[in-house]
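Trainee: Throw the hints in and build the complete structure from the sequences for me.
In the UniProt record's numbering, the protein residues as written are 1 to 211.
Treat the hints loosely; a few may be bogus.
Said to hold, decoys possible - As a list, the in silico DSS-like pairs of lysine-lysine whose alpha-carbon atoms are at most 25 Å apart:
#1 K44 - K80
#2 K51 - K64
#3 K91 - K51
#4 K91 - K201
#5 K96 - K44
#6 K96 - K156
#7 K64 - K44
#8 K41 - K64
#9 K44 - K91
#10 K42 - K172
#11 K80 - K64
#12 K41 - K186
#13 K156 - K142
#14 K186 - K42
#15 K172 - K139
#16 K201 - K41
#17 K201 - K156
#18 K201 - K44
#19 K186 - K172
#20 K96 - K80
#21 K172 - K91
#22 K186 - K64
#23 K44 - K186
#24 K64 - K96
#25 K41 - K80
#26 K156 - K172
#27 K96 - K186
#28 K80 - K186
#29 K172 - K142
#30 K96 - K172
#31 K186 - K91
#32 K64 - K201
#33 K186 - K142
#34 K41 - K51
#35 K186 - K201
#36 K51 - K80
#37 K80 - K91
#38 K64 - K91
#39 K170 - K156
Rather than coming from a laboratory, the hints here were simulated on the basis of the structure.
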Amino acid sequence: MEITVDQQGDNHEVQRPTDWPVQVGNKIDFVKKIFKASSPKKRKYSNEYLKYGFSVTGYEDCPKPLCIVCGEILSNGSIKPALLIGHLETKHPTYKQRNINFFQRLSNSPNLNSCLISTNKANEAAIEASYRISYHIAKSGKNHTISENLVFSCIKDAVECMFGEDHVQKIKNIPLSNSTVSRRIKDMSIDTEATINERIKNSPLLFNTGV
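Mentor: Right, here's the structure in full:
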């Protein structure tokens, strides 16, 4: 490997390998391979998932399941029959025996769909509260059961003391079961990882070969 000498101020010489651009290029290729191997595989939506009550939204390269009943949008990582069925059975148990034709009609009927979504509008705040509480539980490193055993009881007592029994009924709509909190944390971690990987992939600094 040849060495070239660059002149620097105060008569100091800086030695630099002449194949330095090649070395940088090799390192960048290596990083790209690592990134490609570690990037989470995006799941694809299938029309068969309509029988679970889900249509699709989002981008073509990163679709997200959209619940036809309540309008909730799940993460790309939730495109699994087991998770979609779990949402339907947990959130909308009265619809779990419905066939795909029912959800097809619901999807094609804006008025009926809007009616159902508006009926479930109050659940949006409860779902957001569930995600926020799950986020704090994840940050604390506590066991997920703390949501049912401690957090919910504290919120319930505080709301009852401050606002009365009527508002407690609204608090009961917040889904905070152990399995729900685990699912929320997993969804957030998948979305966070996907966001970070996307930023790395699009970074002009990491993959700029014209150094």
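Trainee: It remains to establish, for every hint, whether it holds in the given structure.
Mentor: Results for each hint:
1. Of the pairs offered as hints, the one joining K44 and K80 holds, with about 9 Å between alpha carbons and a cut-off of 25 Å not exceeded.
2. Restraint check: the Cα-Cα separation between K51 and K64 comes to about 16 Å, which is no more than 25 Å; the hinted pair holds.
3. For a cut-off of 25 Å, the pair hint linking K91 to K51 stands: about 15 Å separates their Cα positions.
4. Between K91 and K201, the direct Cα distance comes to roughly 36 Å. Violation of the 25 Å bound is thereby established for this hinted pair.
5. For the hint linking K96 to K44, the alpha-carbon distance of about 23 Å falls within 25 Å, and the restraint holds.
6. Proximity of K96 to K156 is assessed by CA-CA distance (about 30 Å); at most 25 Å being required, the pair is judged violated.
7. Distance restraint check for K64 and K44: the Cα-Cα separation of roughly 9 Å lies within the 25 Å cut-off, and the hinted pair is therefore satisfied.
8. Among the hinted pairs, K41 with K64 is consistent with the structure: their alpha-carbon atoms are about 14 Å apart, no more than 25 Å.
9. The suggested pairing of K44 with K91 holds, with an alpha-carbon distance near 23 Å, which does not exceed 25 Å.
10. In summary, the hint linking K42 to K172 is not supported, as the alpha carbons are separated by about 35 Å, beyond the 25 Å threshold.
11. Straight-line distance between C-alpha atoms of K80 and K64 comes to about 11 Å, which keeps the hinted pair within the 25 Å bound.
12. Only pairs whose Cα atoms come within 25 Å are accepted, and K41 paired with K186 is accepted, the gap being roughly 15 Å.
13. For the proposed pair K156 and K142, the alpha carbon gap of about 20 Å is at most 25 Å, so the pair holds.
14. Restraint check for K186 and K42: satisfied, since their Cα atoms lie roughly 15 Å apart, inside the 25 Å limit.
15. A hinted pair counts as satisfied when its Cα atoms are at most 25 Å apart, and K172 with K139 qualifies at roughly 23 Å.
16. A hinted pair counts as satisfied when its Cα atoms are at most 25 Å apart, and K201 with K41 qualifies at roughly 14 Å.
17. Simply put, K201 and K156 have alpha-carbon atoms about 44 Å apart, too far for the 25 Å limit, and the pair is violated.
18. A threshold of 25 Å between alpha carbons decides the hint, and for K201 with K44 the separation of about 21 Å falls inside it, so the pair holds.
19. Distance check on the hinted pair: K186 and K172 sit about 23 Å apart at the alpha-carbon level, within 25 Å; holds.
20. Between K96 and K80 the CA atoms are separated by roughly 16 Å; this keeps the pair inside 25 Å, and the hint holds.
21. Of the pairs offered as hints, the one joining K172 and K91 holds, with about 14 Å between alpha carbons and a cut-off of 25 Å not exceeded.
22. The hinted pair formed by K186 and K64 meets the criterion: a straight-line CA distance of about 15 Å does not exceed 25 Å.
23. Pair hint K44 plus K186 holds up; C-alpha atoms about 18 Å apart against a cutoff of 25 Å.
24. At roughly 21 Å between alpha-carbon atoms, K64 and K96 fall within 25 Å of each other, so this suggested pair holds.
25. Of the supplied pair hints, the one linking K41 and K80 holds, its CA atoms being roughly 13 Å apart against a limit of 25 Å.
26. Straight-line distance between C-alpha atoms of K156 and K172 comes to about 8 Å, which keeps the hinted pair within the 25 Å bound.
27. Among the hinted pairs, K96 with K186 is consistent with the structure: their alpha-carbon atoms are about 24 Å apart, no more than 25 Å.
28. Between K80 and K186, the direct Cα distance comes to roughly 14 Å. Compliance with the 25 Å bound is thereby established for this hinted pair.
29. With a C-alpha separation of about 22 Å, the suggested pairing of K172 with K142 holds against the 25 Å cut-off.
30. For the proposed pair K96 and K172, the alpha carbon gap of about 22 Å is at most 25 Å, so the pair holds.
31. Using a Cα cut-off of 25 Å, the hinted pair K186 and K91 holds, with the two alpha carbons roughly 18 Å apart.
32. Taking the CA atoms of K64 and K201, the gap is near 21 Å; set against the 25 Å cutoff, the hint holds.
33. Using a Cα cut-off of 25 Å, the hinted pair K186 and K142 holds, with the two alpha carbons roughly 15 Å apart.
34. Between K41 and K51 the alpha-carbon distance is near 24 Å, which keeps this suggested pair within the 25 Å criterion.
35. Between K186 and K201 the alpha-carbon distance is near 22 Å, which keeps this suggested pair within the 25 Å criterion.
36. Between K51 and K80 the CA atoms are separated by roughly 13 Å; this keeps the pair inside 25 Å, and the hint holds.
37. At roughly 16 Å between alpha-carbon atoms, K80 and K91 fall within 25 Å of each other, so this suggested pair holds.
38. The hinted pair formed by K64 and K91 meets the criterion: a straight-line CA distance of about 18 Å does not exceed 25 Å.
39. Restraint check for K170 and K156: the C-alpha separation of about 10 Å stays at or below 25 Å, so the hint holds.
Of the hints listed earlier, those the structure fails to meet are numbers 4, 6, 10 and 17, in rising order.
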